[in-house]
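2 protein chains.
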Amino acid sequence: MIEKRIAEILRSGQPDETVKVQGWVRTKRELKGFAFIEVNDGSSMASLQVVINETVPNYSEIIKKVNTGASVEVDGVIVASQGKGQRIEVKAESVQVYGDADPEVYPLQKKRHSFEFLRTIGHLRARTNSFGAMFRVRNAVATAIHQFFQERGFLWVHTPIITASDCEGAGEMFSVTSFDLNKIPRNKEGAIDYSKDFFARPTYLTVSGQLEAEVMAMAFSNVYTFGPTFRAENSNTSRHLAEFWMVEPEMAFCDLKEDMDLAEAFLKHIFKYVMETCREDMEFFNERIDKTVLETAENIINNQFERITYTEAVKLLEKAVEKADVQFEYPVSWGTDLQSEHERYLCEQLFKKPTIITNYPAQIKAFYMRLDEDEKTVSAMDIVAPKIGEIIGGSQREERLDVLQRRMAAQGMKEEDLWWYLDLRRFGTVPHAGFGLGFERIVQFMTGMANIRDVIPFPRTPENAEF
Amino acid sequence: MIEKRIAEILRSGQPDETVKVQGWVRTKRELKGFAFIEVNDGSSMASLQVVINETVPNYSEIIKKVNTGASVEVDGVIVASQGKGQRIEVKAESVQVYGDADPEVYPLQKKRHSFEFLRTIGHLRARTNSFGAMFRVRNAVATAIHQFFQERGFLWVHTPIITASDCEGAGEMFSVTSFDLNKIPRNKEGAIDYSKDFFARPTYLTVSGQLEAEVMAMAFSNVYTFGPTFRAENSNTSRHLAEFWMVEPEMAFCDLKEDMDLAEAFLKHIFKYVMETCREDMEFFNERIDKTVLETAENIINNQFERITYTEAVKLLEKAVEKADVQFEYPVSWGTDLQSEHERYLCEQLFKKPTIITNYPAQIKAFYMRLDEDEKTVSAMDIVAPKIGEIIGGSQREERLDVLQRRMAAQGMKEEDLWWYLDLRRFGTVPHAGFGLGFERIVQFMTGMANIRDVIPFPRTPENAEF
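Those protein sequences? They're chains Y and B, same order as listed. First residue of the first sequence: 1, per full-length UniProt numbering; consecutive thereafter. First residue of the second sequence: 1, per full-length UniProt numbering; consecutive thereafter.
Derived by calculation from the structure, the hints in this document are not laboratory data. These numbers were taken from a predicted model, which means no experiment stands behind them. A hint or two may mislead.
The calculated lysine-lysine pairs, modelled on DSBU-like cross-linking and capped at a C-alpha distance of 30 Å, are [said to hold, decoys possible]:
| # | chain 1 | residue 1 | chain 2 | residue 2 |
| --- | --- | --- | --- | --- |
| 1 | Y | Lys-84 | Y | Lys-32 |
| 2 | B | Lys-323 | Y | Lys-183 |
| 3 | B | Lys-414 | Y | Lys-183 |
| 4 | Y | Lys-183 | B | Lys-257 |
| 5 | B | Lys-65 | B | Lys-4 |
| 6 | B | Lys-4 | Y | Lys-4 |
| 7 | Y | Lys-20 | B | Lys-257 |
| 8 | Y | Lys-20 | Y | Lys-183 |
| 9 | Y | Lys-64 | Y | Lys-32 |
| 10 | B | Lys-20 | Y | Lys-257 |
| 11 | Y | Lys-291 | Y | Lys-268 |
| 12 | Y | Lys-257 | Y | Lys-272 |
| 13 | Y | Lys-183 | Y | Lys-268 |
| 14 | Y | Lys-20 | B | Lys-268 |
| 15 | Y | Lys-268 | B | Lys-4 |
| 16 | Y | Lys-188 | B | Lys-183 |
| 17 | Y | Lys-4 | B | Lys-188 |
| 18 | Y | Lys-65 | B | Lys-183 |
Pulled out of the complex, with its shape left as it was, chain Y reads as follows (with noise of 0.2 Å):
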């Protein structure tokens, strides 16, 4: 294993340590006599530059080997750097060149490289300065998340990708099967006999684990999931996936205010944290990808969440389509869902900063948001930023046990099947709330990439599986 990552002796190396070099070529630049070659790791967006001259062991060979992707082993010498650009170079005592990368077929040539060509190598494209700085930021995410979450006590639950509910109704689902799909096996009548699949029964990729996260608040009180979930939506955009990472919070003997503050608390949590320990990486993506990426961070961690309820959004809506300010494509009504247009304005051009909206209609919210006083309402929230449009949904949950079975039999749904759902109201209910972070989402709108599919290492969408 390496010893010294580059991004410590880039931070700490003193001039005359020797010192051991792991990694790939991204430049090289030959001179007469001697040549500079950076070398990258992976630890950090910055390159090591390493002189080689012809007192190295074989040089005219090595120096014919080290072309951009090449992997090498170089043994040297810390010395003051004399060029621009960085503090400290290495100069090569011995270069070890572990795997070449021919120049005529090494599609990662030293220019810049469209993202859409990218994804059609992306088994390489993690060895661009845009996709070491992603997946770095990618990962620092997913840590603060756990951070965060520890810190204060709540349990990671693991809850199951295959599913038998398809009751949650929040998309189409996968189906998962060990059948021959060539040899469906039949039952007499000519059903599907699933009595011979795996699990005996039909079962589905999961769309979310807030049924099963809510089981395990009734116990630890405080829990949180970090998993894959799954969508069959043939949505070809920018913003979906088929497979994604969600974070879901739950917390027992919480409502929706509470929930709320978690939420906003969390969301500048993890911005505090990725600009604390990937500055470097959040420059780059304000420089290359997106100008307004770092204020974007700050306007999150410094500002206060602005809070409305979605009546009084519909009525700052109207009043604006009124004044026309602003021009919708969809017409704004109470009772009907909000558009991302709508959220867009709501919180880029009125607010200017994170907005949560709450107190949704129940119509057009799920069976298991808890219905509010006026029964008109439930008690939902949503997150929408600048930018990305919404990127929490939450809410207190509906904890009695009647309220809930009039609202399963009013969307038509069987309590036979989330039988052991109810249970939890029938056997020490609480009030519970909780929410779910798309965690892409979250990456994608941290480092202003535009297309979802390059914020994580190898996307799921229509037709694409690859790798």
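Knowing the structure of chain Y, use the given hints to seat chain B on it.
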């Protein structure tokens, strides 16, 4: 949300402090004019004793309701406890019962329930002492894993769950499809028309993220996966799950020796972390589940693991059989895989500690493992541990393009299916290595639980996808 968890109150609460306690009643003891209830909120094995006397408003109504399983909020004052077994208790000033739990129907009454029975109430079992301890330990193991790798600069990478490659050969796979299984479209030739499926090709649930982790290691040097993996094998045993979580670190510039060093340090770290953070739960397992749990943990933390080659292992096993020290069901001979009974003899009887067996015959190991100089064995390693058998499997990977191609051909694999994996050897290849840890296996090992279904919240096994 709960302001102060019961674990914290028990640890640092002082007499005369006023507290709000929120949780679920574990037991009730009624005496003349007052009652004791034990309240648990999942933050610790120990419950908090609350004394309710007649001065509490609605005393008699409350006493009827605070049965096992009921949820309560108690406002009260900490007092030094007169009874044995606890330093402090809470004298209630007011009690609110959020939800009761009818003793006639609530399944978790105060008595021992079999784990078999508890599996049928997977939505409630987390409220028992055993599963409380279990899921706190599970969370601690998960946290220890992230901590270990993050401290060492590894990136957590999310490898895909849905995959189009069925060529890793690690086991039977589940199919994933958006087809209506009742109407699978067919083309003119009568074959399944996969162009109409979501991904326009057959897709499966992943059995391992290793190959994709290698992609990421070739950019970031040190990475790890931690996510769900699947096997569609019809194994109805106490050690198999159809859905389980796996941890797979992958290191560039790393050989088998360093791979073993890391794996050993990793296991020691996990055990140390859990012993430090979940002492009370571990003592519970030691007392109630398996009397060797603490001893085994100390053994792992304090001993250097034994390291022997497969060839040496076979010799030792042959010698043991010859001397009639042991009888095996399966014969031992060089070239066949070690059976569980052989591994257990080595680590339990002979060495009495975790044992790393290395350099297995090439023909019994996967195509990607690095061929040794003798061309007979590969640089693989398995760590086998007393009482559970194989817990970690790893290897140095074959980084030489021509050797890898030869190995794939020998196993009848098509290069075009893994063109991107071969590319990693074409462009900047480096020696690299990694290993896989079955997450549930280590939790099972650590807690001494007999059945792996009892170490994951909602187990998926043949004919079972409940909850």
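Structure-based check of each hint:
A hinted pair counts as satisfied when its Cα atoms are at most 30 Å apart, and Lys-84(Y) with Lys-32(Y) qualifies at roughly 20 Å. With a C-alpha separation of about 53 Å, the suggested pairing of Lys-323(B) with Lys-183(Y) is violated against the 30 Å cut-off. The hinted pair formed by Lys-414(B) and Lys-183(Y) meets the criterion: a straight-line CA distance of about 25 Å does not exceed 30 Å. For the suggested pair Lys-183(Y) and Lys-257(B), the alpha carbons sit about 47 Å apart, so the restraint of at most 30 Å is broken.
Among the hinted pairs, Lys-65(B) with Lys-4(B) is consistent with the structure: their alpha-carbon atoms are about 24 Å apart, no more than 30 Å. In summary, the hint linking Lys-4(B) to Lys-4(Y) is not supported, as the alpha carbons are separated by about 43 Å, beyond the 30 Å threshold. A C-alpha spacing of about 19 Å is found between Lys-20(Y) and Lys-257(B), which places the hinted pair at or below 30 Å, so the restraint holds. At most 30 Å may separate the alpha-carbon atoms for a hinted pair to count; Lys-20(Y) and Lys-183(Y) exceed this at roughly 58 Å.
Using a Cα cut-off of 30 Å, the hinted pair Lys-64(Y) and Lys-32(Y) holds, with the two alpha carbons roughly 14 Å apart. At roughly 19 Å between alpha-carbon atoms, Lys-20(B) and Lys-257(Y) fall within 30 Å of each other, so this suggested pair holds. For the hint pairing Lys-291(Y) with Lys-268(Y), the CA-to-CA distance comes to about 20 Å; that is within 30 Å, so the pair holds. Using a Cα cut-off of 30 Å, the hinted pair Lys-257(Y) and Lys-272(Y) holds, with the two alpha carbons roughly 23 Å apart.
For a cut-off of 30 Å, the pair hint linking Lys-183(Y) to Lys-268(Y) is broken: about 52 Å separates their Cα positions. Annotation: proposed proximity of Lys-20(Y) to Lys-268(B) holds, straight-line Cα distance about 28 Å (limit 30 Å). Of the pairs offered as hints, the one joining Lys-268(Y) and Lys-4(B) holds, with about 23 Å between alpha carbons and a cut-off of 30 Å not exceeded. Taking the CA atoms of Lys-188(Y) and Lys-183(B), the gap is about 18 Å. The hint holds against a cut of 30 Å.
In summary, the hint linking Lys-4(Y) to Lys-188(B) is not supported, as the alpha carbons are separated by about 60 Å, beyond the 30 Å threshold. Between Lys-65(Y) and Lys-183(B) the CA atoms are separated by roughly 56 Å; this puts the pair beyond 30 Å, and the hint is violated.
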